[in-house]
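Let's have the full structure, built from the sequences with the hints guiding it.
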Amino acid sequence: MFWRLLWKLLRGSGGRLAVAILALASCAMVVSALLNLEFDIERKLTQEFRTLGANLLISPRNAQITGSSPAEVMSESEVSAAIQSVKDPNVIAVAPFLYVVGSTQNTPVVVAGTDLEELPKLEPAWRIEGQWKLSPAQQTMCLVGRKVAQQLKLAVGSSLNLTYLKQNVQLKVAGIIDGGGAEDSQVFVELPEAQDLASIPGQISFAQLSVSGTTAGISHYAARLASALPAYDVKPIRQITEAEGDLLSRIRLLIVSMIVLISVLTALCVLGTMAALAMERRQDVGLMKALGGSIGRIVTLFMAEVGVLGAAGGFIGAILGVELSRWMGQRVFGQAISSRWEIFPLTIILMVAIALAGALPLRLLGKVKPAIIFREQ
Amino acid sequence: MFGRLVKESFVRNPRRKLLTAAALVVGMAVATSTLTIALEVGDRLAREFRSLGANLLVTPQSDTLPVEIGGVDYRPVDEGAYLSEADLGKLKTIFWRHNVLGFTPFLDVPISIQQSENAAPARTMLIGTWNAREVPVPDGTTFKTGVSITHPWWKIRGRWFRDGANECVIGAALAKMMPGIIPGKVIYVSNETAGNSVQDRSTPKAMPLEVVGIVSTDDAEDKAVLAPLEIAQKLSGHPGMFRQLFVSALTKPADAFSERDPLKMTPTEYDRWFCSPYISSIAFQIKTILPGTEVRTIRRVADTEGNILSRVSTLLWIVTLTALIAAALAVAATSATTVLERRGEVGVMKALGATNTLVAGIFLAEQLLLAIAGASMGFVLGAVLARSLGSSIFGMPASPRLILFPVVLGLAAIVAFTGSLIPLRRAARFSPAPILRGE
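Chains as they are written, first to last, in the numbering used here: chain A, 1134 to 1510; chain B, 15 to 453.
In short, the hints are calculated from the structure, not lab data.
Think of the CB as a built atom: it goes at the ideal place given N, C-alpha and C, for glycine as much as any other residue.
Warning: the hint list may mix true and false statements.
To be verified - Label-pair ranges, simulated between beta-carbon atoms:
(1) P1478/A - I386/B: 55 to 61 Å
(2) D275/B - V1393/A: 28 to 34 Å
(3) M410/B - S1471/A: 30 to 36 Å
(4) L32/B - S1352/A: 38 to 44 Å
(5) P1478/A - D275/B: 53 to 59 Å
(6) L1479/A - R357/B: 35 to 41 Å
(7) I1428/A - F16/B: 42 to 48 Å
(8) S1471/A - A179/B: 51 to 57 Å
(9) R137/B - N1294/A: 25 to 31 Å
(10) S1471/A - T302/B: 45 to 51 Å
(11) W1474/A - T302/B: 56 to 62 Å
(12) N1294/A - Q75/B: 56 to 62 Å
(13) I196/B - G1335/A: 35 to 41 Å
(14) A134/B - Q1180/A: 48 to 54 Å
Laid out in structure tokens, this is it:
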């Protein structure tokens, strides 16, 4: 009986309900797309933040400060073994560094020994003129900072003679780096070259990692790494992690407030439709009451109707929302935002709630007096 | 007659109008606030990004190669070129002076420190800089700036040194290495190249500095002593000089245009480039005002900022657009409902000989009045909403923009019209008889 009545009611006022469904579905579409975004934006934006470069530093504990030579070093193999053992898909780049202050053409220059292949991944913002890496055969190649190139009149392809104490090495310039910071006055060589130069095979000054993820995720990874490397300092580079967290929370707040605003608007629209519907159905209600239907039952019937509307609108909207969020992701981040299945029921529940909130004034129907209604006719 | 009909409709049945008006008010409030936020967000986020610190680095042009690792320059003091501290006020006179949020000069001096006058010395670096300096600007005003603006992530325990005082703060790693040094203690610093000519000429053997705080920067500065710039200048024998200047400037994300070489632009393009706050044009203006310098973009910061800013503003425009569409649909749906509700009225009018045009005219006039009223109220409400949203999201209220009013008004009219058009077209097909009979 209840279900038959419900079905009749839904079919009876098709046009008007279509309007309500339209409003609900459009709301659901936007809300589900925004929810998807809200869940994914952290991952997407933290990836963008990786142009900031390394955000995790492994350094020897109690390193000494000296101007010209690497005083405190740590074992390369120990560090790389630890990084291997603490696997994490969010690690984008790992680069060991060994700094030596060598000299060339009688000018002191900072020589950074590192994994040149990891460098472009570690520092995506650096511009390079020339190449990051030559073919493996040319072992003795280097990258020079812009200032070094300027000062020493070097160009891509020219050769460079580096000296440290009595060691000497001949290098070929593969590329010129423009980064804007200290790197502009450094020479980058493959790690073994720097180790040979300083005669400390297997040793590094520190290691830098670029790890994507949230601030919490990064510190968690740092903690795991620290427990694998008890003898060293593992710490996130704060300049980067702090700014990230702050910006993210603001952007997310923005999205959440948009969701709330749109939901209020939709509730209002449902309210309008339902109020109109209720006015129109006063006679039906009068009749039901005259035939002995209790108020509770009648209101339940209407609410059920509204609930079905909300669910239908939510369902249609959630499906459209998947498309919308895919498009949004493509447009904004150049890659689709992956839809989460949780969004689907969440949107439907939200829509049912909004629809029911919009239909609350229907309780006024309880005040309908059958006699008056019928007399009006 | 027409006017009276419209007026009657409002007077007779205000409740029905109320609903459409309410939907319009809320819809337009959403539109106003989202548009206000969207217009403002680029600017606000750009300011937020300044928490990444400086994005420009100024160094002397004819310099020797810095021996620089992690932001600290280990060159001896008698080597390389210096810049004059006195010129820095000029930075606030460039075309984009208001976009220059802060700048801090740095002078690094290799020193040895002693915990007491006779204790064994340890080698480290002393970084001279500004904490919070009132810089005189050539136009007569002063501008307050310092490390808190260009290096906002530096954390201090205790307090910062006062500019000009014989105070210093020490890096966290250094504090750990030399546990004897705690805030309140006095350390003695002397130029590492002690005994050379600079040292003999001007500075006393060791300079006492009171430690007032411990700074942690997560970089090379952690192993150094930070002191007022004057101290570093005195120690190095270069009064009024510095070596590096970090500038934090508000910029517009770089695009293909901003990357072009200004020398190859046409005069109009050049003006457009010069008058846009691109990082390249601000760098150019700084270089012009401080001759003999080289101004470099710190790419990590500038690129990240540019990428994210442009992405977030695209994102926000899309979100705004979808919010507008959802608002428009909801409002249109509500006005459609109110028109549908009045089928009986349409029937009577038609039975009395009204043409379809007249009926449509009356309804549309009503909707227009509603749209104007709804848009005005919605605009005010939206402005208030934007203010509070702005202050909760960015900590600063978003100022209302009057330019949005005609936009919102037009939007309201379009939405209210389209919402009633579909039911009106159906109404035009009604024959009066069945409606009046109540079918």
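Hints, verified against the model:
Distance hint check: the CB atoms of P1478/A and I386/B are about 42 Å apart, inconsistent with the given range 55 to 61 Å. Taking the beta carbon of each, D275/B and V1393/A are about 48 Å apart, not inside 28 to 34 Å as hinted. At about 34 Å, the CB distance of M410/B to S1471/A agrees with the hint of 30 to 36 Å. Restraint check, L32/B to S1352/A: a C-beta distance of roughly 54 Å breaks the suggested window 38 to 44 Å.
In this structure, P1478/A and D275/B meet the distance hint of 53 to 59 Å, their C-beta atoms being roughly 56 Å apart. Range check, L1479/A to R357/B: about 38 Å between beta-carbon atoms, so the 35 to 41 Å window is met. In this structure the supplied range 42 to 48 Å holds for I1428/A paired with F16/B, their Cβ-Cβ distance being about 44 Å. A C-beta distance of roughly 56 Å is found between S1471/A and A179/B, which places it inside the suggested range of 51 to 57 Å.
Checked against the hint of 25 to 31 Å, the pair R137/B and N1294/A passes, with Cβ atoms roughly 29 Å apart. Here the CB-CB span from S1471/A to T302/B is close to 48 Å, well matched to the stated 45 to 51 Å. Taking the beta carbon of each, W1474/A and T302/B are about 57 Å apart, inside 56 to 62 Å as hinted. About 26 Å separates the C-beta atoms of N1294/A and Q75/B, a value inconsistent with the hinted range of 56 to 62 Å.
Hint check: I196/B to G1335/A, Cβ distance near 37 Å, so the stated range 35 to 41 Å holds. For the pair A134/B and Q1180/A, the supplied restraint of 48 to 54 Å holds, since their beta-carbon distance comes to about 49 Å.
Comparing the model with each numbered hint stated earlier shows that hints 1, 2, 4, 12 do not hold.
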